[in-house]
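Visitor: Spelled out, the chains give:
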Amino acid sequence: MDFNLSDITGYLPLVILAAVVLISLVIEMYIKSAPKILPWLTVISFLGLSYQSLLTIGKPGSFFNNMLATGGHVNIFWFLFNFGGAVVALITIDYLKKTEIYHGEYYILLQSSVLGMMLIAGAKDLIMVFVGLELMSLTFYILAGFARKRLFSNEAALKYFLLGAFATGFIVYGLALIYGSSQTLNIDKLYEHFTFESKNIVGIIGLFLFFAGFAFKIASVPFHMWVPDVYQGAPTSTTALMSTVGKAAAFSALIIVVSPAFGKEKATEILTPLVATFATLSMVYGSITAIMQTDIKRMLAYSSIVHAGYMLIGLAAGNKEGIDGVIFYLIAYSFMNLGAFGLISVLEGKEEKNLAISDYTGLGSKYPVLAGLLALFMFSLTGIPPFAAFFGKYYVFMAAIRADLLWLAIVGIAASAISLYFYLRVVVVMYFGKDESKFEVTSSNPALTGIIVSALLVILMGVLPGSIIDLIAKF
Amino acid sequence: MTLEQVLFGFFALVAVVSAVMMITGKNPVVSALFLVLNFGALSGTYVLLRAQFIAVVQIIVYAGAIMVLFLFVLMLLRPDREQSYFKDKPQMKLLAIIVGVLMLAQIAYAVLSTTTGKVAEEASRIETGTIENIGRELYTTYLLPFEAIAFVLLTATLGALVLSKKKLD
Numbered sequence: 000m001d002f003n004l005s006d007i008t009g010y011l012p013l014v015i016l017a018a019v020v021l022i023s024l025v026i027e028m029y030i031k032s033a034p035k036i037l038p039w040l041t042v043i044s045f046l047g048l049s050y051q052s053l054l055t056i057g058k059p060g061s062f063f064n065n066m067l068a069t070g071g072h073v074n075i076f077w078f079l080f081n082f083g084g085a086v087v088a089l090i091t092i093d094y095l096k097k098t099e100i101y102h103g104e105y106y107i108l109l110q111s112s113v114l115g116m117m118l119i120a121g122a123k124d125l126i127m128v129f130v131g132l133e134l135m136s137l138t139f140y141i142l143a144g145f146a147r148k149r150l151f152s153n154e155a156a157l158k159y160f161l162l163g164a165f166a167t168g169f170i171v172y173g174l175a176l177i178y179g180s181s182q183t184l185n186i187d188k189l190y191e192h193f194t195f196e197s198k199n200i201v202g203i204i205g206l207f208l209f210f211a212g213f214a215f216k217i218a219s220v221p222f223h224m225w226v227p228d229v230y231q232g233a234p235t236s237t238t239a240l241m242s243t244v245g246k247a248a249a250f251s252a253l254i255i256v257v258s259p260a261f262g263k264e265k266a267t268e269i270l271t272p273l274v275a276t277f278a279t280l281s282m283v284y285g286s287i288t289a290i291m292q293t294d295i296k297r298m299l300a301y302s303s304i305v306h307a308g309y310m311l312i313g314l315a316a317g318n319k320e321g322i323d324g325v326i327f328y329l330i331a332y333s334f335m336n337l338g339a340f341g342l343i344s345v346l347e348g349k350e351e352k353n354l355a356i357s358d359y360t361g362l363g364s365k366y367p368v369l370a371g372l373l374a375l376f377m378f379s380l381t382g383i384p385p386f387a388a389f390f391g392k393y394y395v396f397m398a399a400i401r402a403d404l405l406w407l408a409i410v411g412i413a414a415s416a417i418s419l420y421f422y423l424r425v426v427v428v429m430y431f432g433k434d435e436s437k438f439e440v441t442s443s444n445p446a447l448t449g450i451i452v453s454a455l456l457v458i459l460m461g462v463l464p465g466s467i468i469d470l471i472a473k474f
Numbered sequence: 000m001t002l003e004q005v006l007f008g009f010f011a012l013v014a015v016v017s018a019v020m021m022i023t024g025k026n027p028v029v030s031a032l033f034l035v036l037n038f039g040a041l042s043g044t045y046v047l048l049r050a051q052f053i054a055v056v057q058i059i060v061y062a063g064a065i066m067v068l069f070l071f072v073l074m075l076l077r078p079d080r081e082q083s084y085f086k087d088k089p090q091m092k093l094l095a096i097i098v099g100v101l102m103l104a105q106i107a108y109a110v111l112s113t114t115t116g117k118v119a120e121e122a123s124r125i126e127t128g129t130i131e132n133i134g135r136e137l138y139t140t141y142l143l144p145f146e147a148i149a150f151v152l153l154t155a156t157l158g159a160l161v162l163s164k165k166k167l168d
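If you read the protein sequences in the order shown, they are chains A and B. Just so you know, numbering that gives the first Met the number 0 puts 450 at position 451 of the first sequence, and the rest follows in order with no gaps. Just so you know, numbering that gives the first Met the number 0 puts 108 at position 109 of the second sequence, and the rest follows in order with no gaps.
Please keep in mind that the hints were generated in silico from the structure rather than gathered at the bench. Everything numeric in this text was worked out from a predicted model, so none of it was measured. Idealized CB from N, CA, C, for every residue including glycine. Check the hints yourself; a few may be wrong.
[Said to hold, decoys possible] Keeping only pairs whose Cα atoms sit at most 35 Å apart, straight-line, the calculated DSBU-like set for lysine-lysine is:
| # | chain 1 | residue 1 | chain 2 | residue 2 |
| --- | --- | --- | --- | --- |
| 1 | A | Lys158 | B | Lys86 |
| 2 | A | Lys96 | A | Lys433 |
| 3 | A | Lys148 | B | Lys166 |
| 4 | B | Lys88 | A | Lys158 |
| 5 | B | Lys165 | A | Lys35 |
| 6 | A | Lys97 | B | Lys165 |
| 7 | B | Lys166 | A | Lys352 |
[To be verified] For each label pair, taking beta carbons as the anchor points, the in silico distance ranges come out as:
| # | chain 1 | residue 1 | chain 2 | residue 2 | range |
| --- | --- | --- | --- | --- | --- |
| 8 | B | Thr139 | A | Ala472 | 34 to 44 Å |
| 9 | A | Pro259 | B | Ser163 | 33 to 43 Å |
| 10 | B | Ile59 | A | Thr8 | 36 to 46 Å |
| 11 | A | Val25 | B | Phe85 | 51 to 61 Å |
| 12 | B | Phe7 | A | Leu161 | 32 to 42 Å |
| 13 | B | Ile22 | A | Thr8 | 51 to 61 Å |
| 14 | A | Leu161 | B | Lys166 | 21 to 31 Å |
| 15 | B | Thr127 | A | Glu191 | 16 to 26 Å |
| 16 | B | Ser112 | A | Gly262 | 22 to 32 Å |
The task is simple: from the sequences and hints, build the whole structure.
Guide: Written out as structure tokens, the structure reads:
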């Protein structure tokens, strides 16, 4: 193997994050003031790494015998994971203290989880996709059960673990079949041997299994059954992590592995209907079920299913515009959901109180800033123009129309119209309900900082969508 | 017949017979012991396939570590009720048959569609499966996944600790 030390600038973020994980472990073990150091070490290193990822965005490279690629979309994903991770860490700081589940391990697991996501996004080899996915999923299982004394949290962790292990089984089996038919694990060479034209059944089944496994990870119908329970039961800061950057990481794997298959003639005939079906089911089922929810975390869980559907439209389109749209959408979705879950974690009382939508009655007059921010995120989740998700949907739907999938775009627009109801209900309750909110909010400056940064990003992406999509489309 | 074919016949016979004995046995402990025999015979066939490392790992990890765990669980829990499992749940029997048929179809497909081609040449060399070769591959071609798996293990250890330690300070 040729090893060149000057290469290291390309994959420096990975090395630094791995080192931070190990250093945090030592700090947690030996230093008394670890509760003060660890959160801020996490935030600062995440911010530094997201900056570093953007710096080297224009320098494509491949390392470790073509196991890892950097530059372009990979670095955009790395930026998203690290910046999202920083926001999650900010939200977490006071949330863990409030709910009395502070253990330094939370931050170490958060760092390892982002490390796993970075490995997925940079993967050039199916083994790397798998190892990165395992690293990410394992930390998610643990973080979901982090509130060890709460039954809901235990249930979430166990359910997520059992079903997640099942999905992982799908993925491994799929990888084995793909390897058997293409005789390589390198993603660039994957579709040389294994083509849809030659009716390579083993390979096609393998690809389907792979897709099914990742449909579980991105929370798409019909592999969605774990989502509401896990999102509701897990500590809110963990839900924020799983539902945003975790979903983005799973999507990055789909973009890397499945989207190159769309170039082939026959592939489009088989793959497009499959992905489009998943997208339609997710959008319709998610938006209809979300209407009936009374718990805000559950409502956002179903909303997460709907958004997975919108993003699958971009994948089903199979063209470059679609992929760029999905990446834009992922960034937009991540920050508005991080903001929404951040606000929920600020408003949440001890022992999982104040989580019903009806608890938010009259919030508008009591806490105008928090209510205003929450309203902003709800508008953005709906896809109302000045905010980010509108343009995310716009790019994805346009890509679908360009790929002759007008009907899919229409389903998407219909689902958006339905979703207007359950997002705006929160806003209506906050501003037009009578002031009945009994709860006192313990203000949390770090969390508010994270939320406001997310809000600014959501607005920025809504005001200047062109320059951001140009940046994404450049690669 | 070459020596290789004789050995293959022997190992294959032992593997099949022990597998049948395992699933027909009434006593779970005896079944578990037959499974150990099955693993041993399988590792013999691995050697014939020039996969010496996998053969050794099969013995150490499966026949050694995992089966000991199995036996401990069986002896401690004494699962007597499980004998009537299929009698209580006839639908599970149907499911088992379906899964079995599917597996058989898969293996049949794999055997029938296999063409002895370019893989055979490289894989038939004795050096391919040695520990030295596997180690070299791990530390060169697969260096990054190897390091990443180290982090997976670290995370799993940390997680086991976080979730199950009685008193976390």
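Visitor: Each hint needs a verdict: does it hold in this structure or not?
Guide: These are the hints, each one checked on the structure:
1. For the suggested pair Lys158/A and Lys86/B, the alpha carbons sit about 29 Å apart, so the restraint of at most 35 Å is met.
2. Of the supplied pair hints, the one linking Lys96/A and Lys433/A holds, its CA atoms being roughly 31 Å apart against a limit of 35 Å.
3. For the given pair, Lys148/A sits about 12 Å from Lys166/B by alpha-carbon distance, which is consistent with the 35 Å threshold.
4. In summary, the hint linking Lys88/B to Lys158/A is supported, as the alpha carbons are separated by about 24 Å, within the 35 Å threshold.
5. Among the hinted pairs, Lys165/B with Lys35/A is consistent with the structure: their alpha-carbon atoms are about 24 Å apart, no more than 35 Å.
6. Restraint check for Lys97/A and Lys165/B: the C-alpha separation of about 21 Å stays at or below 35 Å, so the hint holds.
7. Straight-line distance between C-alpha atoms of Lys166/B and Lys352/A comes to about 26 Å, which keeps the hinted pair within the 35 Å bound.
8. Under the hint 34 to 44 Å, the C-beta atoms of Thr139/B and Ala472/A, about 37 Å apart, fit the expected range.
9. Under the hint 33 to 43 Å, the C-beta atoms of Pro259/A and Ser163/B, about 42 Å apart, fit the expected range.
10. Taken as a hint, the range 36 to 46 Å holds for the pair Ile59/B and Thr8/A, whose Cβ atoms sit roughly 41 Å apart.
11. The supplied range of 51 to 61 Å is met by Val25/A and Phe85/B, whose beta-carbon atoms lie about 53 Å from each other.
12. Distance hint check: the CB atoms of Phe7/B and Leu161/A are about 39 Å apart, consistent with the given range 32 to 42 Å.
13. Range check, Ile22/B to Thr8/A: Cβ separation about 57 Å, and the 51 to 61 Å hint holds.
14. Between Leu161/A and Lys166/B the Cβ separation comes to about 27 Å, which falls inside the hinted range of 21 to 31 Å.
15. Remark: the range hint 16 to 26 Å for Thr127/B to Glu191/A is upheld by a beta-carbon distance near 24 Å.
16. Here the CB-CB span from Ser112/B to Gly262/A is close to 26 Å, well matched to the stated 22 to 32 Å.
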